[in-house]
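The whole structure should be built from the sequences, with the hints applied where relevant.
Residue numbers (this note's numbering), protein chains in the order written: chain E, 5 to 159; chain X, 5 to 159; chain G, 5 to 159.
Heads up, none of these hints are tricks.
It does not matter which identical chain is used: a pair holds within one copy or between any two.
Computed list of lysine to any residue pairs in SDA-like fashion (alpha-carbon distance at most 20 Å, straight line):
| no. | residue 1 | residue 2 |
| --- | --- | --- |
| 1 | 16 | 129 |
| 2 | 52 | 32 |
| 3 | 11 | 130 |
| 4 | 111 | 61 |
| 5 | 111 | 62 |
| 6 | 111 | 63 |
| 7 | 111 | 27 |
| 8 | 111 | 29 |
| 9 | 52 | 70 |
| 10 | 111 | 56 |
| 11 | 111 | 54 |
| 12 | 52 | 114 |
| 13 | 111 | 25 |
| 14 | 111 | 24 |
| 15 | 111 | 53 |
| 16 | 111 | 51 |
Calculated from the structure, these hints are not laboratory results.
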Amino acid sequence: MAGRIEKILLEKGIELPEPGQPLGTYLPAVIASNFLFVSGQGPKHHGKVMFRGKVGSALFVPEAQMAARQCALNVISVAKQALDGDLDRILRLVKLGGFVNSMEDFKEHPQVINGASDLMAEVFGEAGRHARIAVGCSSLPGDISVEVDAVFEIT
Amino acid sequence: MAGRIEKILLEKGIELPEPGQPLGTYLPAVIASNFLFVSGQGPKHHGKVMFRGKVGSALFVPEAQMAARQCALNVISVAKQALDGDLDRILRLVKLGGFVNSMEDFKEHPQVINGASDLMAEVFGEAGRHARIAVGCSSLPGDISVEVDAVFEIT
Amino acid sequence: MAGRIEKILLEKGIELPEPGQPLGTYLPAVIASNFLFVSGQGPKHHGKVMFRGKVGSALFVPEAQMAARQCALNVISVAKQALDGDLDRILRLVKLGGFVNSMEDFKEHPQVINGASDLMAEVFGEAGRHARIAVGCSSLPGDISVEVDAVFEIT
Numbered sequence: 005m006a007g008r009i010e011k012i013l014l015e016k017g018i019e020l021p022e023p024g025q026p027l028g029t030y031l032p033a034v035i036a037s038n039f040l041f042v043s044g045q046g047p048k049h050h051g052k053v054m055f056r057g058k059v060g061s062a063l064f065v066p067e068a069q070m071a072a073r074q075c076a077l078n079v080i081s082v083a084k085q086a087l088d089g090d091l092d093r094i095l096r097l098v099k100l101g102g103f104v105n106s107m108e109d110f111k112e113h114p115q116v117i118n119g120a121s122d123l124m125a126e127v128f129g130e131a132g133r134h135a136r137i138a139v140g141c142s143s144l145p146g147d148i149s150v151e152v153d154a155v156f157e158i159t
Numbered sequence: 005m006a007g008r009i010e011k012i013l014l015e016k017g018i019e020l021p022e023p024g025q026p027l028g029t030y031l032p033a034v035i036a037s038n039f040l041f042v043s044g045q046g047p048k049h050h051g052k053v054m055f056r057g058k059v060g061s062a063l064f065v066p067e068a069q070m071a072a073r074q075c076a077l078n079v080i081s082v083a084k085q086a087l088d089g090d091l092d093r094i095l096r097l098v099k100l101g102g103f104v105n106s107m108e109d110f111k112e113h114p115q116v117i118n119g120a121s122d123l124m125a126e127v128f129g130e131a132g133r134h135a136r137i138a139v140g141c142s143s144l145p146g147d148i149s150v151e152v153d154a155v156f157e158i159t
Numbered sequence: 005m006a007g008r009i010e011k012i013l014l015e016k017g018i019e020l021p022e023p024g025q026p027l028g029t030y031l032p033a034v035i036a037s038n039f040l041f042v043s044g045q046g047p048k049h050h051g052k053v054m055f056r057g058k059v060g061s062a063l064f065v066p067e068a069q070m071a072a073r074q075c076a077l078n079v080i081s082v083a084k085q086a087l088d089g090d091l092d093r094i095l096r097l098v099k100l101g102g103f104v105n106s107m108e109d110f111k112e113h114p115q116v117i118n119g120a121s122d123l124m125a126e127v128f129g130e131a132g133r134h135a136r137i138a139v140g141c142s143s144l145p146g147d148i149s150v151e152v153d154a155v156f157e158i159t
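So this is what it looks like as structure tokens:
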């Protein structure tokens with residue numbers, strides 16, 4: 005009895021990574037009122053970081069987009085865990101925060117974070133379209149190339 | 005039949021820019037529950053970036069304040085669009101995020117982001133006073149000097 | 005008639021600093037719906053900044069953790085003020101934003117921000133566990149080493 009979103013994931017061949025453990029004394033996600041707040045997620049695949057280093061130096065936009073997409077997959081994985089496995093409780097994605105580990109002269113943050121935004125639209129359709137920030141960070145935890153956090157509206 | 009906030013804008017001679025198009029696959033703003041989340045806005049005037057480069061190097065506090073004010077005007081413009089033109093649906097501004105494209109030794113982020121905060125108080129009065137963060141970013145999309153996002157409470 | 009959280013603070017010997025004044029035209033905290041949004045707080049003690057400079061250069065993880073803890077104490081102090089002195093109105097801490105003033109090669113943001121997260125768990129117990137981001141900033145207001153903002157769910 006897979007749900008609607010699970011069927012979409014299956015149809016599109018999108019495999020969610022195992023939800024990772026927080027790198028500190030916090031929770032992967034918190035539900036408050038009708039919102040689900042997901043902690044910043046890195047480009048991990050089953051616990052292993054896939055993309056490290058500064059975008060514009062160690063890697064460039066195409067790879068960084070893949071990193072952002074992987075962050076978004078982890079956001080969905082963590083959301084699923086917080087919703088006891090039921091992604092259909094998501095009414096919509098409200099906001100994504102996109103943090104790019106980037107050189108001082110980097111300018112293409114939107115293109116990078118589109119890797120996350122596109123994945124959300126692919127999975128959730130219209131309900132996956134969201135408000136967003138995309139900014140450059142001087143450094144990120146463990147030298148990950150991208151970090152993405154999220155706020156969902158849930159039922 | 006201009007609304008209350010529209011009259012204030014008119015009286016103070018504040019012209020809202022045209023709401024810009026997102027630089028990626030996301031929305032300018034999203035309504036969820038009784039909140040309106042506005043995406044990060046740059047210092048654009050009718051689609052053209054007015055302030056680029058690092059604050060503390062390419063430009064300094066007085067100009068960066070104007071950049072922050074322009075970001076805030078874009079926040080209001082986007083909010084108006086999301087509210088079908090009715091800014092009177094805003095109960096209050098809840099939070100501003102102020103992101104300054106700045107050199108490593110820059111310290112005056114609050115003065116810069118006051119350009120946005122002051123504009124909000126000017127337009128919305130007491131309801132325009134808000135919680136805030138102000139931080140320095142190693143880089144911003146398209147090398148804009150300031151980016152501002154917002155959360156409003158709406159009716 | 006000290007409340008439950010006040011008793012915990014007393015028992016643990018945790019003294020809240022005086023709530024500081026905002027460094028700009030904004031509010032220390034705003035209540036909207038059943039959420040309390042606290043503005044970014046620095047590592048101040050009774051108005052004086054205790055930790056300045058870049059983490060990884062001017063100071064290192066152990067000191068930066070103390071800075072993050074001090075930011076969290078200021079978050080609680082400001083929250084108390086906004087709740088007319090009644091910290092028992094806090095249902096839970098929802099989210100912390102952790103901003104580390106850091107060198108380009110810094111990687112230990114989670115360890116630093118744990119200084120804030122641990123304090124929250126110490127004071128609020130299970131209700132103090134939260135979602136989180138931890139990112140590196142090229143600079144912060146007044147060269148503070150850490151800035152922390154927060155969203156609480158309140159009654």
